[in-house]
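K.L.:
Start from the sequences and build out the full structure, keeping to the hints where you can.
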Amino acid sequence: MEWYFALTEDSTAFRQYAEMVMVAVHTARKVTSLEPHCIYDGNDNDFTAWLRKRGVQIIRHRSFVRDALEELGRRKKNPHLAAALSGAFSRIELPEIVERDGSSDRVLYTDCDVMFLDEVVPELEANACRYFAVAPESTRDDYVNMNTGVMLMNPVRLRESLPAFRDYVSQNLAALEAESWDEAAYRWFYRDEEGPLWDRLRPELNWKPYWGESTEAKIIHFHGPKPFQRDYIDSHWPEVKSLTGGAYLAEVKRWTELLEEAR
Numbered sequence: 001m002e003w004y005f006a007l008t009e010d011s012t013a014f015r016q017y018a019e020m021v022m023v024a025v026h027t028a029r030k031v032t033s034l035e036p037h038c039i040y041d042g043n044d045n046d047f048t049a050w051l052r053k054r055g056v057q058i059i060r061h062r063s064f065v066r067d068a069l070e071e072l073g074r075r076k077k078n079p080h081l082a083a084a085l086s087g088a089f090s091r092i093e094l095p096e097i098v099e100r101d102g103s104s105d106r107v108l109y110t111d112c113d114v115m116f117l118d119e120v121v122p123e124l125e126a127n128a129c130r131y132f133a134v135a136p137e138s139t140r141d142d143y144v145n146m147n148t149g150v151m152l153m154n155p156v157r158l159r160e161s162l163p164a165f166r167d168y169v170s171q172n173l174a175a176l177e178a179e180s181w182d183e184a185a186y187r188w189f190y191r192d193e194e195g196p197l198w199d200r201l202r203p204e205l206n207w208k209p210y211w212g213e214s215t216e217a218k219i220i221h222f223h224g225p226k227p228f229q230r231d232y233i234d235s236h237w238p239e240v241k242s243l244t245g246g247a248y249l250a251e252v253k254r255w256t257e258l259l260e261e262a263r
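When we follow my numbering, the leftmost residue of the sequence shown carries the number 1, and every step to the right adds one.
Hints listed in this document are in silico derivations from the structure and should not be mistaken for laboratory results.
The reader is advised that the hints may include incorrect statements.
[Unchecked claim] Calculated pairs, DSBU-like style, for lysine-lysine (alpha carbon to alpha carbon, straight line, at most 35 Å):
(1) Lys76 <-> Lys241
(2) Lys253 <-> Lys241
(3) Lys226 <-> Lys76
(4) Lys53 <-> Lys226
(5) Lys53 <-> Lys253
(6) Lys241 <-> Lys77
(7) Lys253 <-> Lys226
(8) Lys53 <-> Lys30
(9) Lys218 <-> Lys76
(10) Lys218 <-> Lys77
(11) Lys53 <-> Lys76
(12) Lys241 <-> Lys226
(13) Lys77 <-> Lys226
(14) Lys218 <-> Lys53
(15) Lys253 <-> Lys30
(16) Lys241 <-> Lys218
(17) Lys30 <-> Lys226
P.N.:
This is how it looks when you write it as structure tokens:
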């Protein structure tokens, strides 16, 4: 199964996110049969060399909302807005990217801040996926407030609605900021009068460290505080301190050890 993630080189946290990608790729290669693809907006550097050495296919791509985000950033006096967010919006175009560069009718997309603990392909192949399948965000049984950090996608079906979805995002970009940007777009667009149109993934396929330890977790997702933020929560990121409980410190320790393996 093809697995995709996205990264933008001119993001202010590029180096930190590149390290998270290194752990994600290293663990995927170590315990899964996933085929990694990096949707990349940037130049060649030591990171792209690392990816190539590990057989990651690099797909050059700039998000369709990059220019609009630049303009929004200017209005908000935030010059880093576009670089920080455009990579995440690239998942919207994944159905088109897969048609051009891939070959599958079912693919996995994740954020950069994940690590794999066990094989996921057989379970994902057996999972229902009309458009896409996702797990809950903060509350383990809340599938209405889902999280797009791990998405099983049906690119064939998503391609059918892509033009309308792309227009929807472009027209509502400023409003999406009020909730969670591209995640809000999926939540708002893919629903009808009966409710959400997405299928469900088990929480263990998008396990948050603040939920505590789980022997069944297959994908750990550092939703909220990232590993590189651990020592600076109080001084720089107090807004995520409430999410540093559970197994956060233990998973950061595991992640740090895996990063050393990955280098």
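K.L.:
None of the hints should be skipped; say for each whether it holds.
P.N.:
To see whether the hints hold, each was checked on the structure:
Between Lys76 and Lys241 the CA atoms are separated by roughly 26 Å; this keeps the pair inside 35 Å, and the hint holds. About 17 Å separates the Cα atoms of Lys253 and Lys241, which keeps this hinted pair within 35 Å; it holds. Using a Cα cut-off of 35 Å, the hinted pair Lys226 and Lys76 holds, with the two alpha carbons roughly 25 Å apart. Annotation: proposed proximity of Lys53 to Lys226 holds, straight-line Cα distance about 26 Å (limit 35 Å).
Restraint check for Lys53 and Lys253: satisfied, since their Cα atoms lie roughly 26 Å apart, inside the 35 Å limit. Pair hint Lys241 plus Lys77 holds up; C-alpha atoms about 27 Å apart against a cutoff of 35 Å. Taking the CA atoms of Lys253 and Lys226, the gap is near 12 Å; set against the 35 Å cutoff, the hint holds. Our distance criterion of 35 Å between C-alpha atoms is met by Lys53 and Lys30, whose separation comes to about 15 Å.
Proximity of Lys218 to Lys76 is assessed by CA-CA distance (about 39 Å); at most 35 Å being required, the pair is judged violated. Among the hinted pairs, Lys218 with Lys77 is inconsistent with the structure: their alpha-carbon atoms are about 40 Å apart, more than 35 Å. Between the alpha carbons of Lys53 and Lys76 the distance comes to roughly 40 Å, so the proposed pair goes past 35 Å and is violated. With a C-alpha separation of about 11 Å, the suggested pairing of Lys241 with Lys226 holds against the 35 Å cut-off.
Restraint check for Lys77 and Lys226: the C-alpha separation of about 25 Å stays at or below 35 Å, so the hint holds. For the hint linking Lys218 to Lys53, the alpha-carbon distance of about 25 Å falls within 35 Å, and the restraint holds. A distance of roughly 18 Å separates the Cα atoms of Lys253 and Lys30; the hinted pair therefore holds under the 35 Å criterion. Under the criterion of a C-alpha separation no larger than 35 Å, the hint pairing Lys241 with Lys218 is consistent with the structure, at around 25 Å.
In summary, the hint linking Lys30 to Lys226 is supported, as the alpha carbons are separated by about 22 Å, within the 35 Å threshold.
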